[in-house]
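Engineer: The chain contents come next:
Protein chains: 2
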Amino acid sequence: MMLKGFQFSAVEAAIKKPGRKDLALIFSEAPATAAAVFTTNAVKAAPVLLSAERIAGGKAQALVVNSGNANACTGAQGMLDAQKTSQILAAGLGIAEELVQISSTGVIGVPLPMDRLTAAIPALVAGCGSAGIDDLAAAIMTTDTFPKVAQRSGSAGGVSYTVAGVAKGAGMIMPNMATMLSFVLTDAAIDPALIDRIFRSSVDRSFNAITIDGDTSTNDTCLLMANGAAGTPVIAAGTPEAEQFAGLLDEVLLDLAKLIVKDGEGATKFVEIRISGAESDADAKRAAMAVANSSLVKTAFFGQDANWGRIFAAVGYSGAKVNPDLLALWFDDVCMAKSGIFSGGDAEARGTEVLRKKEFSVQVDLGLGQGSATVYTSDLSHEYVSINADYRT
Amino acid sequence: MMLKGFQFSAVEAAIKKPGRKDLALIFSEAPATAAAVFTTNAVKAAPVLLSAERIAGGKAQALVVNSGNANACTGAQGMLDAQKTSQILAAGLGIAEELVQISSTGVIGVPLPMDRLTAAIPALVAGCGSAGIDDLAAAIMTTDTFPKVAQRSGSAGGVSYTVAGVAKGAGMIMPNMATMLSFVLTDAAIDPALIDRIFRSSVDRSFNAITIDGDTSTNDTCLLMANGAAGTPVIAAGTPEAEQFAGLLDEVLLDLAKLIVKDGEGATKFVEIRISGAESDADAKRAAMAVANSSLVKTAFFGQDANWGRIFAAVGYSGAKVNPDLLALWFDDVCMAKSGIFSGGDAEARGTEVLRKKEFSVQVDLGLGQGSATVYTSDLSHEYVSINADYRT
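Protein sequence lines, in the order shown, are assigned to chains A and B.
Here this note's numbering runs 192 ahead of the position in the first sequence, where the first position is 1.
Here this note's numbering runs 192 ahead of the position in the second sequence, where the first position is 1.
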């Protein structure tokens, strides 16, 4: 990993229970140009409110994140706790409080165990540089079963730079956004006028195109920090360098988004849903999301049942303009239905073969126009129910 | 059962597989004033299209319904099959084809087994009057575990009359509507100018206020037939008799709607979601539906986990206007949270006690206005996954 000018640290604060590192730090040696996208949920966790206020300045130098407790629905005390955490951290690092971003993920409605959290901060600060990005990825996990890291390299003005990111899922994954945290770091220098727009557009094509169960959480945060430590010239809008950077950012975010779906709670399948032939891209996304969120479709995936009728039904109630007689559907390259009806022949047998795979695609052509969209989802398994029925206990 | 002038019949046509009665008939001795509400899904099954066209005349005398095959996504052949079925039935009964309503429920995308279906119609017609309303309720079941019947009595002009209905669920239950069939019959005489309006309003407060999984099917049909055989005067709008009839209709439909939720696929809990203090009734319904459809909330119900935070999160993303600091929540009469935060004390223990019950209520007060709504839902269990993963096999 060649990412320059960023240091990591991870310690055990026993936020929910002891036994693993659950408090982590990203520290940039210099203040970084930064952008963030937060949950659209009207009920926002305290760290989200605080970080959103601070990111408006376009700068960040550190991020502190805990897993195990979301510090959401915790009222005025929750905000005081978030402020105090970042205050102690800023003092320890010797930076301005406004440059500290703060994230939390875990159970909702329970106050943060501030005694254990503040007690762990000195070790967190002291450990700065002792951890790798993999440790950061591991420390932010909740029901995730594996850490999620992605990276790419590019160059600007003859200088190489890196884009690297981590993410956590794994339930409540839904556009706009979900209990999803992702922190993306680059040592390229990015024009402050460009960073927010480029980041939002990348998030739309990645994290806002995945869904596990249609729930949108109180804590979602996606943060990008660009510290310029690689020594690149400042990448500005309208240049080939900006285009390259945007492409790399897309790749890193899409990698992370797909990893989140693959690690969806109880997921046994990774399914790409492609809608084409819609009247508009917005209609296509509506239809894709209806399919991707349908419990009936997702249980059929789990059961490896080539039940294309449920998919047509989901498209039908999605709100997208649909002419039932024009619908066509493929599982990978197997055409299951055309002109709204079953293709016949050996489609059933071949479609079932596709659904036995761990990864496959569903394509629905609406036959109306040029609109298209792609989203990623998982199946709905017994394990999903077990995980979420028992999460707090 | 005192319902006059209606006859029932049910036979085995082995639509999906042999072993049970899966084809049923309602026959009114005289043409009845009728109204119907159908699925809002853009993908509508052939019998829905045909019945909707016919009900525009405001009259019906017979209904034929099969379970095991939805005759949906079956194209032009599906429509021919629906027409042929009703044609043979009309000839057998000696009535006009336009007076035959037709319903189907079951697997999507598979053509009706017309040989077996048409072969069974003579016995169906011959058996007219040999079956009770319970047999009708049983014959329309798919994954339902028990038949659903409700009835009430009223009187108009000193003459007693009955309102009786049957329904089937049990998955894909969602407003506007779901794989839900309900047939409601009365021997009162209802003014044709009144029946449609009164029926739609009743459906809104009952079947459109329940949800199992947020899916809306291709076949939903809710039919009301009023044949006047009891000898009541014609009940017209604006009279106390109309008000009484509307009240009884509400009760029958709500009884049936609640039975559907109780028999929701894999349901182990029956939960009433009440939202109060919303800016409008529409906002309240939006919030109630978001809670009722959240997989995370429903798995918490299954796990008997008093996870009020997930409920606040669902309210937060519902689209309803929400001020997080004003939210309050009760499980039955146990206040779990006030002013957006945990109530403390023994609320956790007492709330958990409530969730151990088979039936309980969740009330969320948004603290903003006078809007309110009530919806009914179930939990999301392992059994739901099993049923829907294996449905076609």
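Hints should not be assumed to be uniformly reliable.
A pair counts as met if it fits within one copy or between any two copies, since identical chains are not told apart.
Said to hold, decoys possible - For lysine to any residue, the following SDA-like pairs were computed, each having C-alpha atoms within a straight-line distance of at most 25 Å:
#1 Lys550 / Val426
#2 Lys550 / Gly250
#3 Lys276 / Gly350
#4 Lys513 / Ala474
#5 Lys251 / Asn515
#6 Lys550 / His574
#7 Lys454 / Ser352
#8 Lys209 / Gln562
#9 Lys196 / Gln436
#10 Lys209 / Gln555
#11 Lys549 / His574
#12 Lys513 / Val302
#13 Lys550 / Val317
#14 Lys513 / Arg478
#15 Lys454 / Gly350
#16 Lys196 / Leu291
#17 Lys454 / Leu440
By construction, these hints were calculated from the structure, which means they are not laboratory data.
Engineer: It remains to establish, for every hint, whether it holds in the given structure.
Structural biologist: Results for each hint:
{"no.": "1", "hint": "Lys550 / Val426", "in the structure": "neither (43 Å within a copy, 62 Å between copies)"}
{"no.": "2", "hint": "Lys550 / Gly250", "in the structure": "neither (41 Å within a copy, 51 Å between copies)"}
{"no.": "3", "hint": "Lys276 / Gly350", "in the structure": "neither (43 Å within a copy, 75 Å between copies)"}
{"no.": "4", "hint": "Lys513 / Ala474", "in the structure": "both (11 Å within a copy, 24 Å between copies)"}
{"no.": "5", "hint": "Lys251 / Asn515", "in the structure": "neither (49 Å within a copy, 29 Å between copies)"}
{"no.": "6", "hint": "Lys550 / His574", "in the structure": "both (16 Å within a copy, 21 Å between copies)"}
{"no.": "7", "hint": "Lys454 / Ser352", "in the structure": "neither (31 Å within a copy, 62 Å between copies)"}
{"no.": "8", "hint": "Lys209 / Gln562", "in the structure": "neither (52 Å within a copy, 42 Å between copies)"}
{"no.": "9", "hint": "Lys196 / Gln436", "in the structure": "within (19 Å within a copy, 77 Å between copies)"}
{"no.": "10", "hint": "Lys209 / Gln555", "in the structure": "neither (44 Å within a copy, 31 Å between copies)"}
{"no.": "11", "hint": "Lys549 / His574", "in the structure": "both (18 Å within a copy, 23 Å between copies)"}
{"no.": "12", "hint": "Lys513 / Val302", "in the structure": "between (44 Å within a copy, 24 Å between copies)"}
{"no.": "13", "hint": "Lys550 / Val317", "in the structure": "neither (42 Å within a copy, 50 Å between copies)"}
{"no.": "14", "hint": "Lys513 / Arg478", "in the structure": "both (10 Å within a copy, 22 Å between copies)"}
{"no.": "15", "hint": "Lys454 / Gly350", "in the structure": "neither (36 Å within a copy, 67 Å between copies)"}
{"no.": "16", "hint": "Lys196 / Leu291", "in the structure": "within (19 Å within a copy, 78 Å between copies)"}
{"no.": "17", "hint": "Lys454 / Leu440", "in the structure": "within (21 Å within a copy, 51 Å between copies)"}
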